[in-house]
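> Each chain, written out:
There are 2 protein chains.
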Amino acid sequence: MEVEIAVAKVNKYASSESGDTVEMIERPQGGFSFVLVDGQRSGRSAKAVANLVARKAVTLLGEGVRDGAAARAAHDYLFTQRGGKVQATLNILSLDMVSRTIVLSRNSHCPTLVVTGTGLSVLDEPSQPVGVHRGTKPAVVELPLQVPTTVVLFTDGVLAAGERRGQSLDLPAVVQRLCNECGCAAQAIADRLLAEALELDEGRASDDITVLALTVRARREEDGSGGLSRVDVRRLMLTVPLD
Amino acid sequence: MEVEIAVAKVNKYASSESGDTVEMIERPQGGFSFVLVDGQRSGRSAKAVANLVARKAVTLLGEGVRDGAAARAAHDYLFTQRGGKVQATLNILSLDMVSRTIVLSRNSHCPTLVVTGTGLSVLDEPSQPVGVHRGTKPAVVELPLQVPTTVVLFTDGVLAAGERRGQSLDLPAVVQRLCNECGCAAQAIADRLLAEALELDEGRASDDITVLALTVRARREEDGSGGLSRVDVRRLMLTVPLD
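In order, the protein sequence lines correspond to chains E and P. Using this note's numbering, the letters of the first sequence correspond one by one to residues 6 to 248. Using this note's numbering, the letters of the second sequence correspond one by one to residues 6 to 248.
Check each hint, because a few of them may be wrong.
Copies of the same chain are indistinguishable here, so a pair counts whether it falls within one copy or spans any two.
Said to hold, decoys possible - No more than 25 Å apart at the CA atoms, straight line, and that leaves these computed lysine to any residue pairs for SDA-like:
(1) Lys90 to Glu68
(2) Lys90 to Gln34
(3) Lys142 to Leu164
(4) Lys90 to Lys142
(5) Lys90 to Pro33
(6) Lys142 to Arg105
(7) Lys90 to Val137
(8) Lys142 to Glu130
No wet-lab data here; the hints were simulated from the structure. In this text, all values refer to a predicted model and were calculated from it rather than measured experimentally.
Kindly produce the complete structure, drawing on both the sequences and the hints.
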């Protein structure tokens, strides 16, 4: 099988800095973790908060600290640094090769959507953002690493899309449709969900928007990469638009 | 303009752990850094060394430490931890949005290849690996962020490819050809250079091989991403083959 994890991300319209931060780290015992943080408000101050939380979490995960403990530590750190006055949402998605599971830790009001062979489920157990309430814990869910699995998570710019016009995305319906149409291509799912959110915002995002999609699929026989299809190649790609 | 950074990576044949590690971090003042480390030997012990060096470097870069200082610190840390007995190569490639340059820090015997509008240059100033010689410094080169620019760097699995049969890649010629043929697509350049190295090794890599390519190109008008082409979307994608 093969795991693909993709992120698509835009800034709030006319804002040069995003309060959303995504970091990735290799787990020392095998696998990867993605950390997605949305700092309170937008612009430079949100970016600073998001960086602080994301950096604390990835540093610990990179040292082999378990996900739940890394989320608790990121909360405690922000709470201590900012006196409980600033909040951030925090999602950690890990591909854990020791347990062979996908570990989802959520400190966010945004749900996480999971589509497997048995249908779609919405992970929306109440959970608090980090930084403001003493003793905050993440909501943690572990999924077996099996084909087919799709996980979609996002920051609240997706929920806010269309609000100006009294509209919103029907997220379970959209994610199920994208899953059917995109054939387990994580980048297409992330791109298209972002595009649908932006469309509701008439092309001008009312908040920073980040979408992260993970898919577990059967290995493709031919991937058009010039003779590499029979070899285990890991790939990473980052694309950044600049002025 | 648009910057694309891509990594393609295989383990040494029949080896389940790679001594090559790549980490990525967002720079707190804007931009990204990629850290590529090849730990001495292969397998688990090499992985541990590579992780230690890479983690130290990305942690410092994430705190805003400048690249040359992060490379020196990673050296000092490995030297102290392992008593000067273990070495690793270290490359840091940064997209620095403060100086609007590409910063290349090299502690490796592997050259870095750069192709711009004025032709190809080989960055091969002598430089030492980290971990063994007191006071080791990186060779640092800064390039302006301009179209067209391609940077290719790699671990010594690329140099070792074909050695068993007395062959080797003519790297400047290969990189220049890939640049011409791949039209500034970093992922295609990384994939195809890896494929050519593997071909010389008859499909069984004699060492861990990692290739990192960066391209700076004009923004594409239509990128097939469903209506996102007029918006500044950042994208990140990781693909991992699993058993």
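> Among the hints numbered above, which are violated by the structure, and what are their numbers in rising order?
Those not satisfied: there are none.
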